[in-house]
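**Student:** Let's have the full structure, built from the sequences with the hints guiding it.
No gaps in the numbering here: position 198 of the sequence shown is 198 in our numbering, and each next residue is one more.
FYI, nobody ran anything at the bench for these hints, they're computed from the structure.
Only a predicted model underlies this, so the values are computations on that prediction, with no experimental measurement involved.
All the given hints hold, so there is nothing to weed out.
For each label pair, taking beta carbons as the anchor points, the in silico distance ranges come out as: (1) Asp211 x Glu73: 41 to 47 angstroms; (2) Val180 x Trp257: 22 to 28 angstroms; (3) Ser149 x Glu73: 34 to 40 angstroms; (4) Gln151 x Ile42: 34 to 40 angstroms; (5) Gly85 x Glu167: 31 to 37 angstroms; (6) Ser149 x Glu51: 43 to 49 angstroms; (7) Glu51 x Arg241: 51 to 57 angstroms; (8) Pro179 x Arg208: 28 to 34 angstroms; (9) Pro202 x His97: 32 to 38 angstroms; (10) Val79 x Ala104: 18 to 24 angstroms; (11) Glu56 x Gln134: 39 to 45 angstroms.
Think of the CB as a built atom: it goes at the ideal place given N, C-alpha and C, for glycine as much as any other residue.
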Amino acid sequence: MGGGMGDGAVNVDRSGRKITGSQKLPERIAWQIARDLVDEGIAPGGMLLSEAEMVERYGVGRASVREALRILEFLGLIVLRPGPGGGPRWIGVDTRHVGKSLTAHLHLRGATFGDVLEARMVIEPVIARLAAEQASEGGLAALEVFVDSPQPDPTLLPSMHASAATEFHGLVAGIPRNPVLQLFAQAVRHIYGERQQDLTFPDAERQRVLDEHVEIAQEILAGNGARAEAMMREHMDEFGRFAEDRHPGMLDERVDWY
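**Tutor:** Below, the structure written as structure tokens:
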């Protein structure tokens with residue numbers, strides 16, 4: 001593709017789809033850059049083409065390329081490093097960033113943390129079952145490490161206990177092969193996890209939670225999908241009842257945009 005074409009030019013991307021229309025051209029270029037990252041197998045941390053190379057590849061002007069890169073940066077997919085040795089670098093899919101973006105939409109729709117918890121109570125039991133039935137080897141290896149590692153002291157600070165609990169649910173969410181469920185579950189977990197840091201649990205309750213995490217993990221490792229789903233559902237139901245009894249106001253709080 002020639003590099004002399006302007007921002008209003010018509011171009012054909014590598015899949016044969018036309019990139020056209022100056023108003024939405026940066027968005028279309030951003031889409032094509034992301035597509036190329038996947039098609040070319042660029043690993044997170046890898047450098048993208050230089051601005052000049054993108055102008056040549058996509059047959060558009062520098063202004064459109066720069067705007068496309070800003071779009072990808074806003075989406076949390078790349079970082080732009082200035083200076084020698086800098087340029088656009090792909091950082092992969094950051095589920096925390098996805099969660100932060102989602103909070104804005106949830107806040108505007110009036111969603112509460114009770115709504116977020118309800119969503120987790122629906123999603124996570126299904127994910128536990130899929131983790132047992134469709135597990136990837138890498139995901140199971142991480143879960144085996146979790147089971148074999150010493151469990152945290154239940155007298156830890158509340159924030160440390162919450163972090164340990166969040167880590168377990170994150171491990172389980174990352175096991176199923178369904179990328180949609182993975183991404184959505186991780187994003188929702190981050191939204192609730194930020195608020196969960198402030199919850200207080202008696203030591204006995206913390207120990208129960210830790211024990212249940214290990215038991216659920218063992219069922220997943222054993223491939224017992226139905227059992228893992230039932231245990232995760234009961235686990236989430238118990239947490240919901242506990243949060244409602246001990247922190248009733250929290251569930252009515254509106255999801256904040258942070």
